[in-house]
Amino acid sequence: MAYFLELLVNGALVGLMYSLAALGFVLIYKSSGVPNLAQGALVMMAAYAAWAMVDFGLPLWAAVIAAAALMFAFGLLVERVLLRPMVGQPVIMVVMLTLGLEILLRGLVPGLLGAAPKPLDIGIGLAPVIVGDVFMNRAYLVGGVVAVVLIGASMLFFRTRLGTKLRAVSDDHVASWAVGLSVERAIAISWGIAGIAAVGAGVLWGSVQGVDWTLSSLLFPAVAVVILGGIDSIKGVFVGGLAVGILGSVIPGYLDAYAGGSTRDVVTSLIILLTIMIRPYGIFGREDIERI
Amino acid sequence: MPGLALSSVEVVYDKVFLAIKGVSLEVGEGEMVALLGSNGAGKSTTLKAVSGLLGPERGDVTRGTITWDGTDLLRMGAPDRVGRGIVHVLEGRRVFGHLTPDENLVAAYSGRRGSQPFDALRDQVYEYFPRLKERAKSKAGYLSGGEQQMLAIGRALMTEPRLIMLDEPSLGLAPVLVEEIFGIIRHINAERKLTVLLVEQNAAATLRIVDRAYLIENGQIVMSGEAATLAKNPDVQEFYLGGGGKVDYHAVKHYRRRKRWLA
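Residue numbers (our numbering), protein chains in the order written: chain A, 10 to 301; chain B, 1461 to 1723.
These aren't lab readings, by the way, just hints derived from the structure by calculation. Misleading hints may appear alongside valid ones.
[Stated by the list, open to error] Heads up, simulated SDA-like pairs for lysine to any residue below, C-alpha to C-alpha not over 20 Å straight-line:
id, chain 1, residue 1, chain 2, residue 2
1, B, LYS1719, B, GLN1697
2, A, LYS244, B, LYS1599
3, B, LYS1599, A, MET164
4, A, LYS244, B, HIS1558
5, B, LYS1599, A, ARG168
6, B, LYS1475, A, VAL96
7, B, LYS1597, A, PHE167
Assemble the whole structure, with the sequences as input and the hints as a guide.
And the structure:
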């Protein structure tokens, strides 16, 4: 029983850290209607940025702020250079573009800054937190708390005037132009904010597994989270993250012994597959409203 | 007569398809003018040329000028034109379906310097369209067609326009609703001196409320004048108003009557 509880709690915390990586995906989709397959590379790049700042001699808090500023600027740049020429084009072109960006950054950033794993110490001890019989990973605990805070902040953001405008833009680009909303600016802001969210994910995951290109493979669980939770729902990121984390921890916890390991990726793939077959818009995702 | 002026405007889609061929029209400050025509005549294209929404459909103004109060509009992007007081209510309503009506109004409110406070504008919209207030908290996508049209107009009013362009507000609505919405448009035009450019297929209802009208066919203006004069024109009656009165079947000719303005 203690074993099950341990898998459950740690799985939930890991899941929340997946949510953190998935948050940028949802932020962009919810505010501009663009599926962002470069999210994994954004997380990796954010981790590299934070590591480079610490390496440069900045204290951790300053490094995080500097990385956030840098990633915000990078988000704006992506919109200006890559996405603006795509306005009015079919969405599949934007999907392929973000996928290309992901692949480019996966090669480019480690190529420039070094591909060997780099430690990113954020001052979290290695000793586990023990509650009753359950051992909890201290880094995951911090990550889970940060994830909850950032998810809550995003929910509040979409209730503000700016957030409402961004949601309007994701709903209908032409109608947004017609009432004077700048679609280009909305997309730029959403990429900037997603860049900032990537810093949270990048720093926490970087501290857990070191900073190298493998951070960008967080894209896979992140996509599972958004597909399960609903591609435009912040609530869905939270619930989807918990579900993907728990299932991806409990099931391998019992099956890996028989299957010889790596059943976690199988579970993640099955989550994506089953969600798309049974409920394509996810748990909380919006259905497209059609009136007859 | 300051206001909106189009002068021999040509619009080409996809660099090959000539959709409107030298359209010239004027809408004076505070006037209510209709642009009438059948499907595919170029009515919506004309409006999009004014509001700057041709880009996403790969259309382009290749000739002519469009000015608003003497300033050239063609150099500006769509949001800047809204900033200048021109707003376009799109065909098919296009409300933000996943937002509530209240949020639709928030999204359209610019909040730039010198604009009225949000609450004042919103109260005014709800005064014109009390039905929207009752449904302010449900998703706009689930409103009825008439309510969505009201919301689309209300949303446009949040931008504090001086010229409102309405693209077929009667589309798919019951005649009694058309009557109601046209009444409100007329009321807003009279009360706030708001300039209105109304695009319609429903010529009968439109000619009753506008001051002047233009008739567009195959991308060209074929007739224009006071609404009352146009309504009396026998060709307009035959082709747009469904003929006048009883038909004497002994006198029916077995060939189609030719439109007199086609040379």
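Results of checking the hints against the structure:
Between LYS1719/B and GLN1697/B the alpha-carbon distance is near 11 Å, which keeps this suggested pair within the 20 Å criterion. With a CA separation close to 18 Å, the supplied pair LYS244/A and LYS1599/B stays within the 20 Å bound. Distance restraint check for LYS1599/B and MET164/A: the Cα-Cα separation of roughly 18 Å lies within the 20 Å cut-off, and the hinted pair is therefore satisfied. For the suggested pair LYS244/A and HIS1558/B, the alpha carbons sit about 16 Å apart, so the restraint of at most 20 Å is met.
Taking the CA atoms of LYS1599/B and ARG168/A, the gap is near 15 Å; set against the 20 Å cutoff, the hint holds. Distance hint between LYS1475/B and VAL96/A is fulfilled; the C-alpha atoms sit about 18 Å from each other, no more than 20 Å. Among the hinted pairs, LYS1597/B with PHE167/A is consistent with the structure: their alpha-carbon atoms are about 16 Å apart, no more than 20 Å.
Checked against the numbered hints given earlier, this structure breaks none of them.
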